[in-house]
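Starting from the two chains in their separate frames, assemble the complex, guided by the hints.
In the order they appear, the protein sequences are chains A and B.
Start counting the first sequence at 1; every next residue gets the next number (the working numbering).
Start counting the second sequence at 1; every next residue gets the next number (the working numbering).
Possibly wrong hints are sitting among the right ones.
Some chain A residues flagged as far from chain B (calculated, every beta-carbon gap over 10 Å) [unchecked claim]:
(1) Gln7
(2) Glu14
(3) Asn56
(4) Glu89
(5) Leu108
(6) Gly129
(7) Ala264
(8) Lys265
Facing chain B, according to a computed beta carbon distance under 7 Å, are these residues of chain A, among others [claimed, not checked]:
(9) Ser2
(10) Gln122
(11) Ser227
Derived from the structure by calculation, the hints contain no laboratory data.
C-beta: ideal position from N, C-alpha, C; glycine also.
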Amino acid sequence: MSVPIDQLHAIAKELRKDILRMTTEAGSGHPSSSMSAVEVVTALYFGGFLNFDAKNPKDPNRDRFILSKGHAAPVLYAALAHKGLFPHEELMTLRKLGSRLEGHPNMLRLGGIEASTGSLGQGLSMGVGYALAARLSQNGSQTYVMTGDGELGQGQIWEAAASAGKYGLDNLTCIVDRNGFQQTGSAFDVLNMDPIDGKFAAFGWSTQVINGNDQQEVIDALNRARSNKGRPNCIVSLTKKGFGMLNLMTKLNDQNFHGKPMPAKYLEEAIAEVEAGLA
Amino acid sequence: MAGASSSVKSSRPLGKATRDAFGRALESLGESFGSLVVVDADVGNSTRTEWFGHKYPDRFFNVGIAESNQVGVAAGLAAAGYTALVSSFAAFITCNAYDQLRMSVAYPKLNVKVVGSHAGISIGEDGASQMGIEDVSLACSLPGFVVVVPADEASAKAATAAMLAHQGPVYLRVGRPDVPKVYSDETIHFELGKANTLQQGTDLTIIANGLMVGPALDAAEALAAEGISVRVLDMHTVKPIDRDALKAAAEETGAIVVAEEHLAHGGLGSVVAMNVAEIKPVPIRYVNLGDQFGESGTPEALIEAFGLTSTNVAAAARSVLAAKRA
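Bound-form chain B, shown alone (with noise of 0.2 Å):
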């Protein structure tokens, strides 16, 4: 189902999915990149490196369906002066090749990008076997790498662009479906470790990351018109967290809720609660996948089932300005 296409409904206009947005960066910052080599698991058509393959067939290698072998070939040629890209689901990448990110690229600090696609229960039909929900938080448990999970079609270009001039390892996770624009190219600002205020407010803060930055802008709207002032906060890199910006959202707004694509454990809200609790403890409330696997069902029916809604992420608003107000 590699070129199949899905889409993520929304109010906003509708940009392309972030794996899209990240073959393309790729595609073309290959030519200012000269050491920019990719290895692939066979999954090019998918992730979307195969654009860089065509491109420039000579610094493209599909070592087949083999994620050990594929980070450990990128960690060699990294090791050698390459800036090496490995790219797969991304469950399989951080799952399948867990031990050869930490000892081959993270223990050596080496200059490998590891890029999981299909994030995520958004890629629908496939279901649980595909769907890196855990991808962040194993990610983020590796020393020294940078973890970003960009919003949209411009800032997974923006982060693609980040992440290559970056030197050292990072994780960068894109989504499979089609998803509403939260920038445009000529606006967007992005600076890795640097949170977005896409709008501010002075009642709480809803920090979101992915493909939940559009669900909570749209929760912030709704509750505009309940009178509740809300700050928007798009935290596309987990690690290193901009501490700043929870600083400032937990002394200013008295309350958080944290939403995200991801399970309860070691994603985003984990982060944001083991910072907030040590800068200043503030009510928080979460939206995210909880404890369990995905499954099988459209990517629209998906995000409803399993709760990633701006209607969630606005019952959450109100429960966490109850405890802040309690």
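One chain only, chain A, in its complex shape (with noise of 0.2 Å):
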């Protein structure tokens, strides 16, 4: 199934419109770590690669995508809204008493969300143990993984990268949403975990290095990893942390802007920014 690119592009600038919205109106969250990996999320619920029904979200064929860099988690409320699981404007509950929207996903309160994730590091292995569920259960079904960047720094991503080079979990794709940026400052300078790639084959994974802020490309990088056979499929996905809104980041001279939402004097800005489409 291939869907028009502009329509991909239509939808990653409503997610990050929302995304901006509901970190406001909660007063916390992490909206730039959420807006790097827009044009990943889009393309796996919207691109044709995520068999997930929100009309049945637990079918047990259904695909797996597992949000192991929780604290993104707008990003995929976002996506969960617009695929119709839960009204729209439940988006605006984010973070508060009684949502379902907690600030990392929980997934005993939401159905669509795969793992409780939130400490960082532990997303990989609930993808191995789905990856080797459903070859066990020969039901086809595919596992989707991102992670952050700064959370290479876990040794238990090593392991877990380790155990499914070992059974060769094709059916199992990590997507590395590699925006640079951690809680205080440069991943690059914090703990540099380059060649990443490099890593990942070297415990028998199959690689990609991509722009992940360019929808054409996250489409091919997937379509690769769908047809690879035998190992399983890294994609280090090149993001730039809060894309959509850089330039009022530079403005406000952060390019972190980590764990912050926009205060409410800069929202329509920053939406302005993302409906013009500049990076």
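What follows is the structure in structure tokens.
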């Protein structure tokens, strides 16, 4: 199934606007970490890759998407709302008491969440479990895991990478959202994990390095991963943290913008930048 | 030393180690639990999950010496609908993979069974690094976990079946040495969360689990010769604790001794005290490992050196009885 790229661009814009609005409304959260991941999430949910039916979110044969970088929950919630899993206005309940949309994904509260994440480093292991289960059940289910780049500092990621390599899990794809920043600064300075593709390759993975904010490149990479046989797939997705509001972040003198919402007085300016489609 | 065996001395007839009983039960239950999968961290020949693995190789995954990933992989299998069992040494599965047990298993309430073998000091010569002496405390601190410490061969077998039948996360603690028999396969009644009253009594109650159930019975026998009537409870399920049995013990006997092969902090003694203090405060004494690490030695020598003996249980009983009568 091929979806026109213009349609995906339009959805990506809607997701970014939702991310900005819901985190500003919540008064906390991680919009910049969410926005770097928009093209990958858009491709998975709306580009024909993820076999996920919002009317039947517990279908045992569904494909799984695990957001291991759980702090980017807004991008996942926005995508699930646009899939029709819950009413769009519910996005504005983010992080409020009793909401299904908690600060980090909680699979007990909301169908469509495939792992309760937030303690970094754990999603890929669960992905290996899902992929082994799919192989055992022979149901053809695919598993996609998105990690952050700072998250690669967790040793469990590499335990999981080694085990996926051992079992040759070609139904598993790990996308590393390499946005280059983590909490206190540059991910290249805090703990540089380059070469990321080389490390996964050493564990027996098939690897690609792409511009993860280029919708067509993401589509092409996911297509190549889907046709790959015998080895798990790693896509190192080179992105910009806060992609879509980079000019405003420059103006505000913060290229990381980690873990904070856009102040209400700048919200419309941020949304206008997303609408204009400027990087 | 995977295949080595040792035993705990007692006047009671010796049975198999609880890890062996667990391993055989798992192997035989593999057929009726078709959705059962086992994830190993390269200790299957010690924890005895390899017996299941030999019979069901397609449902057995050895992910190497990596307990964090082991637990996470099991969580994924469980989230996909399988009953996933992980096993390693009690010290490693609870301490090394604690955050994974917390976030990937307990928080989403996934159907993962966690079996910690080589619990306590009774593993012997390998020493402190291999001895899980805080595992019960840690497992009890995971919301929603059921925590089980079987006493002998028959109860470990029954506990394994009950654990698999239960929907949700369970921690099962098993040990390395052969231990005295408390039950027989024919007479055992095992229900999660329900203490077994091994003998009735009116002067005090000894509450024990795991390795300490045998010494508790031996102590009760010695005390009976002194005219002291002792109730003995096998509190195999630490969480949820059997509050009815605690209430009856406190109200009807008015004094309690808790005996376990675990640190003082957070084990059976802590759980009993917390509940009895609320239900009906009575004097309590404890026989446990206190606040210290183990060391190398034979299981027999260590049990003696760390005071996990019927003599010490009987002494604690006399002490608590004096407090009750004071």
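Outcome of the hint check:
no.	hint	in the structure
1	Gln7	holds, 31 Å
2	Glu14	holds, 29 Å
3	Asn56	holds, 15 Å
4	Glu89	holds, 27 Å
5	Leu108	violated, 6 Å
6	Gly129	violated, 2 Å
7	Ala264	holds, 32 Å
8	Lys265	holds, 36 Å
9	Ser2	violated, 29 Å
10	Gln122	holds, 5 Å
11	Ser227	violated, 24 Å
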